[in-house]
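Asks: Please build the complete structure, drawing on both the sequences and the hints.
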Amino acid sequence: MKIKYIVQAFAVLAAIAFATVGILQKPDAVSETSKAPQQTAAVSSQKGEKTPSIQKKKALVVYFSYTGNTRILAEQIRQNVGGDIFELQPATPYSTDYATVEKQGKQEVESGYKPPLKAKVENLASYDVIFVGTPIWWYTIAPPVATFLAESDLAGKTIIPFCTHGGYGAGHNLEDIKKLAPKAQVLDELVLRGNSKYEQKDIFAWLSKVGFGE
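Taken in order, the sequence shown gives residues -19 to -1, 1 to 195; the numbers are from mature numbering (1 follows the signal peptide of the UniProt record, and there is no 0).
Since the hints were made in silico from the structure, they are not lab data. Worth double-checking, as some hints may not be accurate.
Derived pair list, reagent style EDC-like, types lysine to aspartate or glutamate, alpha-carbon separation capped at 16 Å [as the list claims (entries may be wrong)]:
1. Lys101 x Asp65
2. Lys164 x Glu132
3. Lys39 x Asp65
4. Lys159 x Asp169
5. Lys38 x Asp109
6. Lys138 x Asp109
7. Lys95 x Glu132
8. Lys39 x Asp109
9. Lys38 x Asp65
10. Lys160 x Asp134
11. Lys164 x Asp109
12. Lys101 x Glu132
13. Lys99 x Glu132
14. Lys178 x Glu56
15. Lys95 x Asp157
16. Lys164 x Asp183
17. Lys101 x Glu68
18. Lys159 x Glu132
19. Lys160 x Glu132
20. Lys138 x Asp169
21. Lys39 x Glu103
22. Lys159 x Asp134
23. Lys99 x Glu68
24. Lys190 x Asp169
25. Lys37 x Asp65
26. Lys37 x Glu103
27. Lys101 x Asp134
Replies: Right, dumping it as C-alpha coordinates:
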(Lines of atoms letter the chains of each structure in order from A and count residues from 1; the text may use other names and numbers.)
(Lines give C-alpha, C1' and ligand atoms only; values in the text may rest on other atoms or scores of the structure.)
Protein backbone atom coordinates (compact mmCIF):
# COMPACT_ATOMS: atom_id res chain seq x y z
CA MET A 1 0.00 0.00 0.00
CA LYS A 2 2.85 2.39 0.82
CA ILE A 3 4.22 1.96 -2.69
CA LYS A 4 0.80 2.76 -4.12
CA TYR A 5 0.53 5.98 -2.08
CA ILE A 6 4.08 6.99 -3.00
CA VAL A 7 3.33 6.52 -6.72
CA GLN A 8 0.15 8.56 -6.36
CA ALA A 9 2.05 11.32 -4.56
CA PHE A 10 4.65 11.51 -7.33
CA ALA A 11 1.88 11.63 -9.90
CA VAL A 12 0.28 14.61 -8.15
CA LEU A 13 3.61 16.45 -7.89
CA ALA A 14 4.33 15.80 -11.56
CA ALA A 15 0.93 17.16 -12.55
CA ILE A 16 1.54 20.33 -10.53
CA ALA A 17 4.97 20.77 -12.12
CA PHE A 18 3.60 20.46 -15.66
CA ALA A 19 0.78 22.87 -14.89
CA THR A 20 3.28 25.42 -13.57
CA VAL A 21 5.41 25.13 -16.70
CA GLY A 22 2.32 25.66 -18.80
CA ILE A 23 1.55 28.90 -16.97
CA LEU A 24 5.11 30.19 -17.25
CA GLN A 25 5.25 29.50 -20.97
CA LYS A 26 1.93 31.10 -21.80
CA PRO A 27 2.64 33.64 -24.60
CA ASP A 28 1.94 37.34 -24.25
CA ALA A 29 -0.97 38.82 -26.14
CA VAL A 30 -0.17 40.84 -29.26
CA SER A 31 -0.68 44.52 -28.54
CA GLU A 32 0.32 47.22 -31.06
CA THR A 33 -0.36 45.67 -34.49
CA SER A 34 1.64 42.91 -36.06
CA LYS A 35 1.28 43.67 -39.72
CA ALA A 36 -0.45 46.99 -39.49
CA PRO A 37 0.05 48.91 -36.27
CA GLN A 38 2.35 46.47 -34.02
CA GLN A 39 5.10 45.98 -31.30
CA THR A 40 9.38 42.51 -28.47
CA ALA A 41 12.04 43.27 -26.09
CA ALA A 42 15.71 44.08 -26.26
CA VAL A 43 18.19 46.65 -27.38
CA SER A 44 19.01 46.44 -31.08
CA SER A 45 21.96 44.17 -31.74
CA GLN A 46 23.32 46.43 -34.45
CA LYS A 47 26.63 48.01 -33.53
CA GLY A 48 26.60 51.77 -33.18
CA GLU A 49 29.43 54.20 -33.65
CA LYS A 50 31.18 55.59 -30.60
CA THR A 51 29.58 58.91 -29.80
CA PRO A 52 30.61 61.74 -27.48
CA SER A 53 28.42 62.51 -24.49
CA ILE A 54 25.16 64.03 -25.66
CA GLN A 55 23.44 64.35 -22.30
CA LYS A 56 23.76 68.14 -22.20
CA LYS A 57 22.27 68.66 -25.64
CA LYS A 58 18.65 69.77 -26.01
CA ALA A 59 16.43 66.73 -26.56
CA LEU A 60 13.01 66.12 -28.04
CA VAL A 61 10.97 62.92 -27.86
CA VAL A 62 8.67 62.68 -30.87
CA TYR A 63 6.43 59.69 -31.49
CA PHE A 64 3.28 58.25 -33.04
CA SER A 65 1.11 55.74 -31.20
CA TYR A 66 -2.02 53.94 -32.40
CA THR A 67 -2.95 51.78 -29.40
CA GLY A 68 -1.06 53.75 -26.75
CA ASN A 69 1.86 51.36 -26.21
CA THR A 70 4.40 53.57 -27.95
CA ARG A 71 3.08 56.59 -26.05
CA ILE A 72 3.78 54.87 -22.73
CA LEU A 73 7.34 54.07 -23.79
CA ALA A 74 7.88 57.61 -25.09
CA GLU A 75 6.79 59.09 -21.77
CA GLN A 76 9.13 56.78 -19.85
CA ILE A 77 12.04 57.79 -22.06
CA ARG A 78 11.18 61.47 -21.61
CA GLN A 79 11.16 61.01 -17.82
CA ASN A 80 14.73 59.71 -18.03
CA VAL A 81 16.26 62.17 -20.50
CA GLY A 82 14.22 65.30 -19.89
CA GLY A 83 13.52 67.69 -22.74
CA ASP A 84 10.23 68.08 -24.59
CA ILE A 85 7.77 65.56 -25.98
CA PHE A 86 5.53 65.74 -29.06
CA GLU A 87 2.93 63.28 -30.34
CA LEU A 88 2.56 62.97 -34.11
CA GLN A 89 -1.06 62.78 -35.25
CA PRO A 90 -2.34 62.38 -38.81
CA ALA A 91 -4.63 65.17 -40.01
CA THR A 92 -7.27 62.52 -40.65
CA PRO A 93 -7.36 60.21 -37.61
CA TYR A 94 -7.13 56.48 -38.15
CA SER A 95 -10.22 54.39 -37.54
CA THR A 96 -10.63 52.85 -34.10
CA ASP A 97 -11.40 49.55 -35.83
CA TYR A 98 -8.24 47.44 -35.79
CA ALA A 99 -9.04 45.45 -38.95
CA THR A 100 -9.67 48.64 -40.91
CA VAL A 101 -6.39 50.21 -39.80
CA GLU A 102 -4.50 46.99 -40.49
CA LYS A 103 -5.66 47.05 -44.11
CA GLN A 104 -5.10 50.80 -44.48
CA GLY A 105 -1.67 50.60 -42.88
CA LYS A 106 -0.55 47.91 -45.31
CA GLN A 107 -1.70 49.98 -48.28
CA GLU A 108 0.04 53.11 -47.02
CA VAL A 109 3.31 51.32 -46.27
CA GLU A 110 3.39 49.47 -49.59
CA SER A 111 2.61 52.62 -51.60
CA GLY A 112 4.99 54.81 -49.61
CA TYR A 113 2.12 57.14 -48.70
CA LYS A 114 2.96 59.79 -46.12
CA PRO A 115 -0.20 61.21 -44.53
CA PRO A 116 -0.41 64.94 -43.73
CA LEU A 117 0.10 65.67 -40.05
CA LYS A 118 -2.32 67.55 -37.80
CA ALA A 119 0.51 69.71 -36.45
CA LYS A 120 4.26 70.10 -36.81
CA VAL A 121 6.99 70.45 -34.21
CA GLU A 122 7.69 74.11 -33.51
CA ASN A 123 11.29 75.30 -33.41
CA LEU A 124 12.64 71.92 -34.51
CA ALA A 125 15.94 73.62 -35.32
CA SER A 126 16.51 74.29 -31.61
CA TYR A 127 16.82 70.58 -30.78
CA ASP A 128 20.10 68.69 -31.07
CA VAL A 129 18.89 65.18 -30.21
CA ILE A 130 15.60 63.71 -31.36
CA PHE A 131 14.22 60.45 -30.00
CA VAL A 132 11.88 59.07 -32.66
CA GLY A 133 9.28 56.49 -31.59
CA THR A 134 7.02 54.34 -33.74
CA PRO A 135 4.97 51.17 -33.62
CA ILE A 136 6.07 48.70 -36.31
CA TRP A 137 3.56 48.60 -39.17
CA TRP A 138 4.23 45.91 -41.73
CA TYR A 139 7.87 45.59 -40.67
CA THR A 140 8.73 49.28 -40.82
CA ILE A 141 7.94 52.83 -39.64
CA ALA A 142 4.30 53.83 -39.23
CA PRO A 143 3.35 56.30 -42.02
CA PRO A 144 2.92 59.39 -39.77
CA VAL A 145 6.51 58.95 -38.55
CA ALA A 146 7.68 58.61 -42.15
CA THR A 147 5.97 61.94 -42.86
CA PHE A 148 7.80 63.62 -39.98
CA LEU A 149 11.19 62.29 -41.10
CA ALA A 150 10.64 63.14 -44.76
CA GLU A 151 9.36 66.68 -44.17
CA SER A 152 11.76 67.77 -41.42
CA ASP A 153 15.22 69.28 -41.80
CA LEU A 154 17.24 66.84 -39.71
CA ALA A 155 20.68 67.59 -41.12
CA GLY A 156 23.34 67.48 -38.41
CA LYS A 157 20.97 66.22 -35.74
CA THR A 158 21.27 63.02 -33.72
CA ILE A 159 18.30 60.69 -34.10
CA ILE A 160 17.76 57.94 -31.55
CA PRO A 161 14.96 55.57 -32.62
CA PHE A 162 12.75 53.41 -30.44
CA CYS A 163 9.95 51.12 -31.53
CA THR A 164 7.30 48.76 -30.23
CA HIS A 165 5.83 45.69 -31.93
CA GLY A 166 3.47 42.77 -31.39
CA GLY A 167 5.84 39.89 -31.89
CA TYR A 168 7.38 40.34 -35.33
CA GLY A 169 10.41 42.41 -34.35
CA ALA A 170 11.61 45.71 -35.78
CA GLY A 171 11.79 44.58 -39.39
CA HIS A 172 13.73 47.10 -41.50
CA ASN A 173 12.68 50.04 -39.34
CA LEU A 174 16.21 51.33 -38.63
CA GLU A 175 17.31 51.11 -42.26
CA ASP A 176 14.25 53.03 -43.41
CA ILE A 177 14.81 55.77 -40.84
CA LYS A 178 18.35 56.22 -42.13
CA LYS A 179 17.04 56.50 -45.69
CA LEU A 180 14.55 59.20 -44.70
CA ALA A 181 17.11 61.14 -42.65
CA PRO A 182 20.35 60.71 -44.65
CA LYS A 183 22.04 63.80 -43.21
CA ALA A 184 21.38 62.94 -39.57
CA GLN A 185 23.39 60.68 -37.29
CA VAL A 186 21.14 57.73 -36.46
CA LEU A 187 22.09 55.73 -33.37
CA ASP A 188 21.03 52.26 -32.20
CA GLU A 189 17.32 51.72 -31.72
CA LEU A 190 15.44 50.35 -28.73
CA VAL A 191 13.13 47.49 -29.71
CA LEU A 192 10.44 46.45 -27.22
CA ARG A 193 7.33 44.35 -27.41
CA GLY A 194 4.25 46.53 -26.99
CA ASN A 195 3.05 46.55 -23.40
CA SER A 196 1.45 48.72 -20.75
CA LYS A 197 4.65 48.67 -18.68
CA TYR A 198 8.31 48.52 -19.69
CA GLU A 199 11.32 47.39 -17.69
CA GLN A 200 13.45 50.37 -16.65
CA LYS A 201 16.59 48.23 -16.87
CA ASP A 202 16.03 47.75 -20.62
CA ILE A 203 15.57 51.48 -21.12
CA PHE A 204 18.60 52.33 -18.94
CA ALA A 205 20.83 49.88 -20.83
CA TRP A 206 19.84 51.41 -24.15
CA LEU A 207 20.21 55.01 -22.96
CA SER A 208 23.67 54.21 -21.63
CA LYS A 209 24.60 52.65 -24.96
CA VAL A 210 23.58 55.74 -26.93
CA GLY A 211 25.26 58.21 -24.59
CA PHE A 212 22.57 59.09 -22.06
CA GLY A 213 23.84 56.84 -19.28
CA GLU A 214 24.94 58.15 -15.92
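Asks: Against this structure, judge whether each hint is valid.
Replies: Hint check:
1. The straight-line distance between the Cα atoms of Lys101 and Asp65 is roughly 14 Å, inside the 16 Å bound, and the hint therefore holds.
2. For the proposed pair Lys164 and Glu132, the alpha carbon gap of about 13 Å is at most 16 Å, so the pair holds.
3. For a cut-off of 16 Å, the pair hint linking Lys39 to Asp65 stands: about 9 Å separates their Cα positions.
4. Restraint check for Lys159 and Asp169: satisfied, since their Cα atoms lie roughly 11 Å apart, inside the 16 Å limit.
5. At roughly 6 Å between alpha-carbon atoms, Lys38 and Asp109 fall within 16 Å of each other, so this suggested pair holds.
6. Proposed proximity of Lys138 and Asp109 is supported: the alpha carbons are some 5 Å apart, at most 16 Å.
7. A threshold of 16 Å between alpha carbons decides the hint, and for Lys95 with Glu132 the separation of about 10 Å falls inside it, so the pair holds.
8. Simply put, Lys39 and Asp109 have alpha-carbon atoms about 5 Å apart, close enough for the 16 Å limit, and the pair holds.
9. Between Lys38 and Asp65 the CA atoms are separated by roughly 12 Å; this keeps the pair inside 16 Å, and the hint holds.
10. Distance check on the hinted pair: Lys160 and Asp134 sit about 13 Å apart at the alpha-carbon level, within 16 Å; holds.
11. Restraint check: the Cα-Cα separation between Lys164 and Asp109 comes to about 13 Å, which is no more than 16 Å; the hinted pair holds.
12. Pair hint Lys101 plus Glu132 holds up; C-alpha atoms about 10 Å apart against a cutoff of 16 Å.
13. With a C-alpha separation of about 13 Å, the suggested pairing of Lys99 with Glu132 holds against the 16 Å cut-off.
14. Proximity of Lys178 to Glu56 is assessed by CA-CA distance (about 11 Å); at most 16 Å being required, the pair is judged to hold.
15. With a CA separation close to 13 Å, the supplied pair Lys95 and Asp157 stays within the 16 Å bound.
16. About 28 Å separates the Cα atoms of Lys164 and Asp183, which puts this hinted pair outside 16 Å; it is violated.
17. As the CA atoms of Lys101 and Glu68 are separated by approximately 9 Å, the hinted pair is consistent with the 16 Å bound.
18. Under the criterion of a C-alpha separation no larger than 16 Å, the hint pairing Lys159 with Glu132 is consistent with the structure, at around 14 Å.
19. Taken as a hint, the Lys160 and Glu132 pair is honoured in the structure, with Cα atoms around 13 Å apart against an allowance of 16 Å.
20. Of the pairs offered as hints, the one joining Lys138 and Asp169 holds, with about 14 Å between alpha carbons and a cut-off of 16 Å not exceeded.
21. Restraint check for Lys39 and Glu103: the C-alpha separation of about 14 Å stays at or below 16 Å, so the hint holds.
22. For the suggested pair Lys159 and Asp134, the alpha carbons sit about 13 Å apart, so the restraint of at most 16 Å is met.
23. For a cut-off of 16 Å, the pair hint linking Lys99 to Glu68 stands: about 10 Å separates their Cα positions.
24. Annotation: proposed proximity of Lys190 to Asp169 holds, straight-line Cα distance about 8 Å (limit 16 Å).
25. Restraint check for Lys37 and Asp65: satisfied, since their Cα atoms lie roughly 14 Å apart, inside the 16 Å limit.
26. Proposed proximity of Lys37 and Glu103 is contradicted: the alpha carbons are some 21 Å apart, above 16 Å.
27. With a CA separation close to 12 Å, the supplied pair Lys101 and Asp134 stays within the 16 Å bound.
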